Every structure is written in C-alpha cells, then in structure tokens.
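Model the full assembly from the supplied sequences, consistent with the hints where possible.
Line order of the protein sequences matches chains E, F and X.
When the letters of the first sequence are read in order and numbered with the working numbering, they come out as residues 1 to 192.
When the letters of the second sequence are read in order and numbered with the working numbering, they come out as residues 1 to 192.
When the letters of the third sequence are read in order and numbered with the working numbering, they come out as residues 1 to 238.
Honestly, the hints are just simulated from the structure, not real lab data.
Only a predicted model underlies this, so the values are computations on that prediction, with no experimental measurement involved.
All the pointers check out, no bait thrown in.
Taking beta-carbon pairs under 8 Å as the criterion, some of the chain E residues facing chain F (in silico):
no., residue
1, 10
2, 25
3, 54
4, 55
5, 68
6, 69
7, 75
Just the calculated beta-carbon pair ranges, DEER-fashion:
no., chain 1, residue 1, chain 2, residue 2, range
8, E, 127, X, 114, 16 to 24 Å
9, E, 83, F, 177, 58 to 66 Å
10, X, 199, F, 90, 54 to 62 Å
11, X, 127, E, 126, 23 to 31 Å
12, F, 36, E, 166, 46 to 54 Å
13, X, 204, F, 140, 49 to 57 Å
14, E, 133, F, 33, 44 to 52 Å
15, E, 163, F, 87, 48 to 56 Å
16, X, 139, F, 33, 44 to 52 Å
17, X, 139, F, 161, 13 to 21 Å
A few chain F positions that, by computed beta-carbon distances, are all more than 12 Å from chain E:
no., residue
18, 59
19, 60
20, 61
21, 89
22, 107
23, 116
24, 120
25, 123
26, 143
27, 147
28, 156
29, 170
30, 180
31, 184
Every residue gets a Cβ at the ideal spot worked out from N, C-alpha and C, and that includes glycine.
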Amino acid sequence: MSAGSLERTVEALLFLAPEPVAVAELAEAAEASEAEIERALDLLSGTLAEGKRGIVLRNVAGGWTLAAEPLADPAARRLLAKPKTPPLTQAQAETLAIVAYLQPISRPEIARIRGVSGESAVQTLTERGLIEESGRSRFGATIYRTTPLFERLFGLSGLDRLPDASRFDPTPEDEAELRERLLKAGEQRAGE
Amino acid sequence: MSAGSLERTVEALLFLAPEPVAVAELAEAAEASEAEIERALDLLSGTLAEGKRGIVLRNVAGGWTLAAEPLADPAARRLLAKPKTPPLTQAQAETLAIVAYLQPISRPEIARIRGVSGESAVQTLTERGLIEESGRSRFGATIYRTTPLFERLFGLSGLDRLPDASRFDPTPEDEAELRERLLKAGEQRAGE
Amino acid sequence: MRTAELELDLDVFAGPFDLLLAVVLREEIDLRELDLAELVLVYIERLEQTGELDLEAATEFLVLIASLLELKSRLLLPQAPDEPELAPEEAADELLARMLEYRRYRDAASYLGGLFEEGRDYHYRAAPLPAELRRVALDAARPTYEPDSLAVAIGDLLRVPPPPDTSHIRPTVSLERRLRALRDVLAHRSSFDFDEHFGSEDRLTQAVTLFALLELHKKGEATWKQRENFGAIEVVAR
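Structure below.
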C-alpha cells in the first residue's frame, strides 16, 4: 500500500532534516496547513510505530524526527563502531534533575540542594551536551539550563512534558514517617 | 503489517549509515548470513519502492542506501537548503577562470597553469556546483567543465559570452594560443 | 552503611546519627555545641572500617551535614538587620525541609535515569545533506559574481614575473668545485705547491680551496707540509 503524497513528503523531510522539525516548519516547507501536517504525522506515526519497521517516528525536543528502531541498537553500534552511551551516575542524574526542574539555576543553588558542590557532575553534563551555560546570576555565578539534546536523548517532546516535580515529593505519609522515625529515635534515648 | 526483525534491522542500519553499505557489512553488523541479508533487502525494496513511501531503497556503487523520495525535493529545498555564494578566494577565482576559458580541462593542467596543485579549490567549486566532472582523460585524469549554475551565477547567457580576456592580457601582442601561453606562464612561475 | 545507623560518640552526644538528628530537631541539643568536624571524622573512619562506599547513603550524609553546617553558621553569625532571627524550631523545620527537597530531586533523578536508559537505544541519523541541497538551485540562482573577475584572473595567470635580479648577490665559490680542482691536480701529481697552482685565484677562491684541502685531509686523501710561517705549502697525496 502506498502512502499519500503529503505523508510521503513529510517522511522524506524528516529523513533529511538533521534536527527535529516543528509542525509549523513542516507546513511551510510542504505548502500545507498545520492541520494537514498533523493528519499526515498521525498516519505516519501509525506506519512507523515501534515494532513495525526499522525506523520509528518520535516527537522530541519540540519537533518530529525519525530514529532507528531500538531493536537495531547492537547492530548499529557494530556497524558504526559506536560504543554504548555510558549511563548517568547518581550524581549526574541528580544534578540533571535539579537543572531540568529548576532551570535556569545557578551552580551554588545546585550545590545547596545536593549538599555537595558537584563540580564534576556539572562539567560532565556540560561536556555531554545535556546542560549548557545560559548566563550569569547577578552575583556572577554561572547559570545552567538543559539543551535540546537533553530532550532528544530523554525522549521528551518538550520541557513541559516533564512530570510535575511534586510527583516525586515524599508523600505526606512518607514525610510523617520520616519525622516519626527521627522523633522515635529521640524517645528511645529519652527512655534509656 | 509489521516487518520481520532482520528486515527492520537492515532498514535501521541503512537509515543510520552516512554512506552506502555493502551486503557483507550488513551481514556482519546484523550477525546474519549474506543470503539472509539479500532476502531482507529484497523485502525492503518492495516496501521502499519509488512512489510508495517518503524514503526509497537504492542500490548504488558500493552498496545499499536510503534516499529521500524525489517528490519531496522542492519541500526539502524550502526546509533545508542553505545555499551559500560567498565571495570567491583568489585560488577559486583562478581555478574557475581556467576551467571557464579552457574547458574541458584536466586537473593536472589546472595545476600546471596555477603552479600549485589547488585540490581544495577544485573541490569547493565542485561542491558549490560551479564546475563538474565531465569525464576522464586518456591518462585517467578527471576532466572539468563549468555548469549551467556557473552561467547563472555570473549572469552569462552562454559560454560564448565570457568576457574577452585580452583586455587584461599583459602581453596582447603574443599570438600563441591562450592554453599554450597559460601553460608556459604557469611553468615559469612554478620554476621560480 | 546507612547514614542513620552511624554510631556516634561525641562530646555532647552518644548514639546513632538518626538519633542525633532527632534531638537536634527537638532542640534537645544546641546545634552551637555540636562539633560537626568531629561528626565528619567519625563518618570517614567508619567508612574506612567497613571499606564500602554506598553512594546513596554518602550523598544523604553530605546533604545532612551541609544543612547542619549552614544552620549552625546562621546561628553563630550575627544576623543581618533585615533578616529575621532564625528561631531554633525554624532551624529544625528547615533541616527537615531540606531533606525533603533533596529527596524530591533524588527521586526525580531516578525517573530521568529511566528515561535516559530507554532513550539511549535510539539512534538518530547524522548523514550530511545531499549535495544538491547544499548548493543554490539553478532556478533560484541570481547573478552574484562579476564576469570580469574571470578575465582579470586569466590576465593575472598570463603575467610572468620578470627574472629575478641577482646583481646584488656576490659570486660564490663552490666547495664542491674546489674539491674537484684539488683532486684533478692530485690525480696527476703526488705533490704540488699550493701557490703555484692556486696563487693567481682571488682571495675567496683561495680560502675555499684551503678549506677543501682540510676536507681532503679529513678523508685521508691528502696532507700538507709548511716548513716555516707564511712559507710555501706543499700538498702531498696519501
């Protein structure tokens, strides 16, 4: 079965584009309305759903892009002689979470929340292109934000797609338990 | 309908590879036999035949590759083309003038006239589409000529409209053929 | 080693770390009396004993100790006039709040870590654009370059620089040629008088010939005799 010509055009554009492309850009290039592009993307996401073909359609970093199906990851690394991306360390993941949720955020603020300065985590994340400097605070501290690459590598279509941070708050029960645990320890001592 | 996992892997590999990939390389990367790869390519060439999707499978020199469907060319140009026409460097202008006035001309002759090899000028002019290969000399050297794009960018309605070089000729009394004189001058410069 | 289980034996407190926090929170111990450096030393000693580093626990310890340090410094330092004094119960609340805030991002980190794990199996295409997209389209091309620039370039290429002016360079004497001159003479005679053969040459040539003679001596082809200062030099083949 052949795809419609707009769907084919959109697929070709995403194939060629080096970065994710926004719907508005696709519409302008294809000389179609955004609604038509949305419809074409809808059809395409059916054809290129995970597990169907070697290429999948992804909505990341504010636009649409094609990616190789994860199934091919080991073969792709053999062909392109690419080592597996190293996982994030605990320190890197925490620093990244703080930047992602609180950006723009200065280096001292990151340190205040983590309790340690974490220079090297910030540096590694910068080197890996996941965060970048976005200016200086009025006290001269470097301010950080996440990059489009971060959204791409984490499969986020935008920063607004990060789940609400309150989701990770200790539940009132957990919080009560933490306080309780501390206080109980105190009472035990008092009872000694 | 979903494709088999080897077909999907092959499609993913061709999607990622910047250059055409040979069957043997695909087999090694996918840890399959060449016969299995051939079969997968066969299935894939059905799915990705011209006119079916936005991406087509091509068998070109050196192996298999994916390409964008030509239908999308005008849209791709609108979205992605970042044509550059920066001023020509001295080396580029000289090389282009030699090709323009003496075409067809081989690469070694260009080098002899300029007195230096100037590989990179030839390459840049080719990439910008101002000159192109037009064959091989009987000694195997690449032969160049100018392109229609060259005529457009210089506002020439044809090659016969090239400006008369004699206005800038330091020794207009010399009656020898232009090619002879350029070669002689080049050799004298190189011999300094 | 869980931070909470760290056994402490400090000047003002003995018991598990957990408990210390509790008593600080309940203001049973004045933070100002607590030697935090000692606390850190105990922790490090304990780490060395167990020989294992639980990163998560270590991070939690660092968050706590950093918070305690900050609270203590705020208790010790004079307050800025516009900053309300930190009451002890507020300090305790702040410590708890700090722990809760840290936990939020610790858990967010593990969520992001999961996304990253999924994401790193996806590869994106990094192939360059096809050549035709990197150049001007024929139908979009407008005259950009001056045709005369081509004729000018040809004119430049036809220009041959004048032969270099060497009048300022003094005639040179080649050592090689002087060696040949010496060998020519020695080929016919076993010895000869230097002045007799080279005395009529200019001073530079004579000097270079003498230098060539040293070269022959070094190679074992010739030697010389001079019986008195400024006397005749007799060159002898060897």
